Every structure is written in C-alpha cells, then in structure tokens.
Amino acid sequence: MKILAIVENTFKEAIRDRILLVLLVIGFIAIGSAKIIKPLALGEEAKIIKDLGLATITLTAVLTTILIGGKLVYKEVEKRTIYIMLAKPVTRYQFIIGKYLGLVLVIFFTITIMTGGYYLMLSLTNTEATLSLLLPILMTFFEVLIIIALALFFSSIATPITASLITFVVYFISNFTRDLKALAQISPSVVVKALANFFYYLLPNLANFNIRNLVIHNAIINPATILLSILYALIYSALVLCFAALIFQRKDF
Amino acid sequence: MVMSRRYLILTLLFLLVLGWFLLYFLQQRIEKTYRRTLRERLVEEMMYFPSGKFLRPVLIEYQDLGADLVWLRAIQYYGHHLMTDRKFEWLGHIFEILTQLDPRFIAAYHFGSIIMAWDARQPKEAIALLRKGARENPLHWQIPFDIGFIYYSRLDDYDAAGYYFLVASKLPNAWNVLERMSAFAYQRGGKTEVSRQIWIDIYNRTNNQAIKNLAERNLQLLQADEDIVFLQSLVNKYRATFKKKPTSLYDLVKAGYLKYLPKDPWGGQYVLRDSIVISPKANRLRSGKY
Chain A
1 MKILAIVENT FKEAIRDRIL LVLLVIGFIA IGSAKIIKPL ALGEEAKIIK
51 DLGLATITLT AVLTTILIGG KLVYKEVEKR TIYIMLAKPV TRYQFIIGKY
101 LGLVLVIFFT ITIMTGGYYL MLSLTNTEAT LSLLLPILMT FFEVLIIIAL
151 ALFFSSIATP ITASLITFVV YFISNFTRDL KALAQISPSV VVKALANFFY
201 YLLPNLANFN IRNLVIHNAI INPATILLSI LYALIYSALV LCFAALIFQR
251 KDF
Chain B
1 MVMSRRYLIL TLLFLLVLGW FLLYFLQQRI EKTYRRTLRE RLVEEMMYFP
51 SGKFLRPVLI EYQDLGADLV WLRAIQYYGH HLMTDRKFEW LGHIFEILTQ
101 LDPRFIAAYH FGSIIMAWDA RQPKEAIALL RKGARENPLH WQIPFDIGFI
151 YYSRLDDYDA AGYYFLVASK LPNAWNVLER MSAFAYQRGG KTEVSRQIWI
201 DIYNRTNNQA IKNLAERNLQ LLQADEDIVF LQSLVNKYRA TFKKKPTSLY
251 DLVKAGYLKY LPKDPWGGQY VLRDSIVISP KANRLRSGKY
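Sequence order for the protein chains is A and B. Reminder that position 253 of the first sequence reads as 253 in the working numbering, one-by-one numbering, no gaps. Reminder that position 110 of the second sequence reads as 110 in the working numbering, one-by-one numbering, no gaps.
These are calculated hints, taken from the structure and not from any lab test. Any given hint could turn out to be false.
Non-contacting residues of chain B with respect to chain A, defined by C-beta distances greater than 10 Å in every case (computed) [stated by the list, open to error]:
1) 68
2) 104
3) 211
Okay, derived cross-link-like pairs now, DSS-like style, lysine-lysine, Cα gap no bigger than 27 Å in a straight line [said to hold, decoys possible]:
4) A:181 with B:32
5) B:281 with B:263
6) B:53 with A:193
7) B:124 with B:191
8) A:193 with A:71
9) B:245 with B:259
10) B:212 with B:254
11) A:75 with A:251
12) B:212 with B:237
13) B:87 with B:32
14) B:243 with B:259
15) A:181 with B:124
16) A:12 with A:2
17) B:254 with A:38
18) B:281 with A:35
For the chain A half of the interface with chain B, some residues (derived, Cβ under 8 Å), not all of them [unchecked claim]:
19) 52
20) 78
21) 175
22) 183
23) 187
24) 212
These numbers were taken from a predicted model, which means no experiment stands behind them. No residue lacks a Cβ here, since even glycine has one placed at the ideal position from N, Cα and C.
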C-alpha cells in the first residue's frame, strides 16, 4: 500500500510534467509525418511508415525516461519532500521501488498512447497493421525498464542534468556493446580483452531488445531470444534498483 | 495597467509576425545567393555522406530509420541525374551506405542494382552490391535472380546467368519459370523472349515507379530490336531478289513485302542507312541521350 501511494504520486507528478507533453506532441508529429513521406518513398512506403513509427515510439519512451527519470529522486531531495516522506513509515527501498514503478507506469502510458497513434497512422495510410508490430514495441518497453532503473540510480547520486547526461551516455554505449565483445575477441592484449569483456557484461546489452528490423522484414525470430531478453531486462533492472536502494539507504539527509 | 499590458502583448505579437516575415524574405535571399538549387545541393551532399561503417554505430538503434532517410535521398539523387546529366558516380556509394544500415532491405539491392546496371552502366558494381545482399539474405530468390539477369542482359555471360537463375529457382517462393530461364540461358537461346518475360515480370511486380519506367523503356527497346531484325531480313530479301539496295524502307512496301511501315514503340519511324535498319530513338536511348 505504501509503495502504491508512491507509485500513484510519481505517476501523477510525471503526467503533469510539461516534458512528457512536449515529447508526446513531437512523437505524434513524427508519426504523422509518415503521411507526407509516403509519396516520396517510391514503393517502400509501408517499410518507411512502419520504421518511422516504431523508431519514434522507442525514442519518445527513451527520452521521457532520461529526462523525467533523471530528476526523479533529486527533486524530492531538493524540494525537501523526501523528509516528509521518510518521516512516515516508509523505508528507503520502498521509496525507490515506488519511484521506479511510478515511472514504469508513465512509460507504459506513453507507449500505449503512441502505439494507438501508430496504428491509427497505419490505417490512415492503408498500411498493413499486423499484430506482429506489437512485438518490437513490447521489447522497447522492456529495454526502457533497464533505462528507468539506470536513470533512477544516477538520479539518486547526481543532479538532474548530470543524471540525464550520464543515463544518455550509458544508453548510447549500451547499444553497441557487441563491438566490445568483438574487440575482446580480436585484441591480442590480455588487459584489453579482460576490460572489454568486463564492460560487455557490466553494461546493459540494449541491442538484445532491438528486433524492429527483423519484424519489418518478416525475418524469423527465435522465441527464446525474446523470452531470455525479457528475463535479462527484469534481472538487470532489479540489480540496478538494489544498488540504487543500497546507495540511497546509506545517504544522509 | 491592463491596457498597457494588452498593448505590450499586441506589440510583441506584431513584432513576432514581422520578424517571421523578415526571416522568410531573408531565407529566400540566401537561397538566391547560392549557385545551385536546393535540390542540387541536397544531391551533392551525397558525396560527403560518411560510410555506412561509421554511420551504423552513430545511429545506435535507429539504423533502420537512417536507412529510410538514405533511401529517400537515393531516389532524389537518381531522379535528379536521370533528368540532367545522367552521371551516377555516387550511386554505388549511396547504396553501399543504405545496405550497410539495413542489410535486409531487399528493395534497395533490387532497385540499386537495376539502375546501376542499366542507367549508370556499372553492371559489375551492381553484381558486387547484389553479392553482398546474397550474403546477408541467403534465402531471398530475388537477389540471385537479379544477378542472373544482369549477367544475361548486360554482360552476355550465359553460363553465369544460367547458374544464378538455377540458384534462384531453388529458393523459397521463387518465380516458377526460373528453371526454364536457366535452361534457356545455358543454351544461349531465346534472349529477347527471356528478357521480355523478365522485364514484364519486373514491371508487374514492382511498386517502384522508377523501376516501372526502366522496365517499360527496356520493353520498348526489345520491341524495337525485334522490329529491326524483321525489317532487316526483308531488306536482305529485297537485295537478293532485286539485286540492288532499297533506297528507303518504302521500297519494301512497294515490293509488296509489307502492307505498311511499322512505327517504332515511341511512334517514330524506322530508318534505312546504308541498307541497315535503325531506330534513331532507340539509338538515342541506348547512348543515354533522352
């Protein structure tokens, strides 16, 4: 119940945030622009409309997470509302979990609305709107679960701008961790090999969640990849949250 | 106080509108100072596009979207040069980037290779692009089929064409006449008929207007070639019968070989030069002068 109250509060606060509104408007404009691009695509309208919509959903969800998540904890400390919160029978880890789930709800809400707009655009442009397109959107949601945990973690140790910046950098690097693996394989140096491998397993492998290309091109997707990636997202997020809670627990207010 | 605030808002709004108009005219003036049009400049930019190897990591998980944008630019580039100088020197570079960003983009291999082989007259580069596509998409019949077609029509390498048609015929959902085409290619026969069948199929299956136009152009050229072969045989017959060269193609009508002179596929006339039948329009098209 205590956690639910924090979730509700976080959700309401984020929904009122103008950043979310701005991102949603930009997202809808981007999806809507597919109608303009259509005549220029020379036979590839369907692919471009689908690609644009899926990429916009991902980008909106990621930016919402980074920009709102970055200030989630810091704002409470700065406004000193954290004292009121912690004076109540709420443990610090409950506070962190509540904040996390609140933002998860916000992202779920954002993705759902954007998906509705996406399917509307598909039908308006007479593009085949299959249910399989929901799969990459689902994977985006699980990808963002990890980014939320990271944003929350950085938010509990840094100012909003720094936290957002670090989260973005980690997001950027985490999209090509496979290059680290390749580096580990080809490098003759033992130290480089060990470091590359260390970071490969330390950083979240966000490329696991990008199956948009496979779905758009009707390529075969191994269900095990999907299930294991979802499990990976849940475990990774839980670990980062534990770490964030641990740091938050030791923090003096 | 309320009045002055209202005036302030109105003044600000007026300044905003005025400022916007000023920017609009300024931008137009800036456009006029450029030597080239915006479209030309956009097309020129293609040569500065970094390689796909660099773009791929920079675009992180938005490579598909990047590929779509390059696709739109590629169409502009092709359209612009098709209408102007017919020089396509950056075509290979553009499609290299495009297929590096989205290696499963079959339409990019198909369109890229067809225009490279026919319009840019770079059949070997087109085949290199398709081979890359085949490595990335080994189960797509369209790619070996396109390789075979380029070997067949542009390079006159019938053994290679036969091999690739056969490979394509074994892949899922392949066009069911491919095995027959392979046999034709190995026998080095029926070139016009096979080419016509392929172009008709390409014309019917594609949604890409540029490919449709190219297919139509090639079908017209094939028709002209067939007419020329037929008319040439009549000219030869005339020479053998009357022991003299016909002065014009009308001599064939006068001799009763033809009821009337056929027109070329573009509505023009076939012409006789030194007893050789030619189509001036087909020659212009083949030399790239539209």
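Hint by hint, here is what the structure shows:
Residue-level check failed: residue 68 of chain B sits 5 Å from the nearest beta carbon of chain A, not beyond 10 Å. Not every beta carbon of chain A lies more than 10 Å from that of residue 104 of chain B, the smallest distance being close to 4 Å; the non-interface claim is violated. The Cβ of residue 211 of chain B sits about 8 Å from the closest Cβ of chain A, inside the 10 Å cut-off, so the non-interface label is violated. Among the hinted pairs, residue 181 of chain A with residue 32 of chain B is inconsistent with the structure: their alpha-carbon atoms are about 51 Å apart, more than 27 Å.
For the given pair, residue 281 of chain B sits about 11 Å from residue 263 of chain B by alpha-carbon distance, which is consistent with the 27 Å threshold. This hinted pair checks out: residue 53 of chain B and residue 193 of chain A have alpha carbons roughly 22 Å apart, not beyond 27 Å. Simply put, residue 124 of chain B and residue 191 of chain B have alpha-carbon atoms about 20 Å apart, close enough for the 27 Å limit, and the pair holds. For the hint pairing residue 193 of chain A with residue 71 of chain A, the CA-to-CA distance comes to about 36 Å; that exceeds 27 Å, so the pair is violated.
Annotation: proposed proximity of residue 245 of chain B to residue 259 of chain B holds, straight-line Cα distance about 20 Å (limit 27 Å). A hinted pair counts as satisfied when its Cα atoms are at most 27 Å apart, and residue 212 of chain B with residue 254 of chain B does not qualify at roughly 39 Å. Between the alpha carbons of residue 75 of chain A and residue 251 of chain A the distance comes to roughly 15 Å, so the proposed pair stays at or under 27 Å and holds. For the hint pairing residue 212 of chain B with residue 237 of chain B, the CA-to-CA distance comes to about 38 Å; that exceeds 27 Å, so the pair is violated.
This hinted pair checks out: residue 87 of chain B and residue 32 of chain B have alpha carbons roughly 26 Å apart, not beyond 27 Å. Annotation: proposed proximity of residue 243 of chain B to residue 259 of chain B holds, straight-line Cα distance about 22 Å (limit 27 Å). Taking the CA atoms of residue 181 of chain A and residue 124 of chain B, the gap is about 35 Å. The hint is violated against a cut of 27 Å. Of the supplied pair hints, the one linking residue 12 of chain A and residue 2 of chain A holds, its CA atoms being roughly 16 Å apart against a limit of 27 Å.
A threshold of 27 Å between alpha carbons decides the hint, and for residue 254 of chain B with residue 38 of chain A the separation of about 55 Å lies outside it, so the pair is violated. Restraint check: the Cα-Cα separation between residue 281 of chain B and residue 35 of chain A comes to about 39 Å, which exceeds 27 Å; the hinted pair is violated. Look at residue 52 of chain A: its Cβ gets to within about 6 Å of chain B, closer than 8 Å, so that hint holds up. Using the Cβ-Cβ criterion of 8 Å, the hint placing residue 78 of chain A at the interface with chain B is not satisfied: the shortest such distance is roughly 31 Å.
For residue 175 of chain A, the interface hint holds, since its Cβ comes within 8 Å of a Cβ in chain B; the closest pair sits about 4 Å apart. With a least beta-carbon distance of about 12 Å to chain B, the hint placing residue 183 of chain A at the interface is violated under the 8 Å criterion. The criterion of a C-beta within 8 Å of any C-beta in chain B is not met by residue 187 of chain A, whose closest approach is roughly 18 Å, and the hint is violated. With its C-beta approaching chain B no nearer than about 6 Å, residue 212 of chain A sits inside the 8 Å limit, and its interface hint holds.
The earlier numbered hints that this structure contradicts are 1, 2, 3, 4, 8, 10, 12, 15, 17, 18, 20, 22 and 23.
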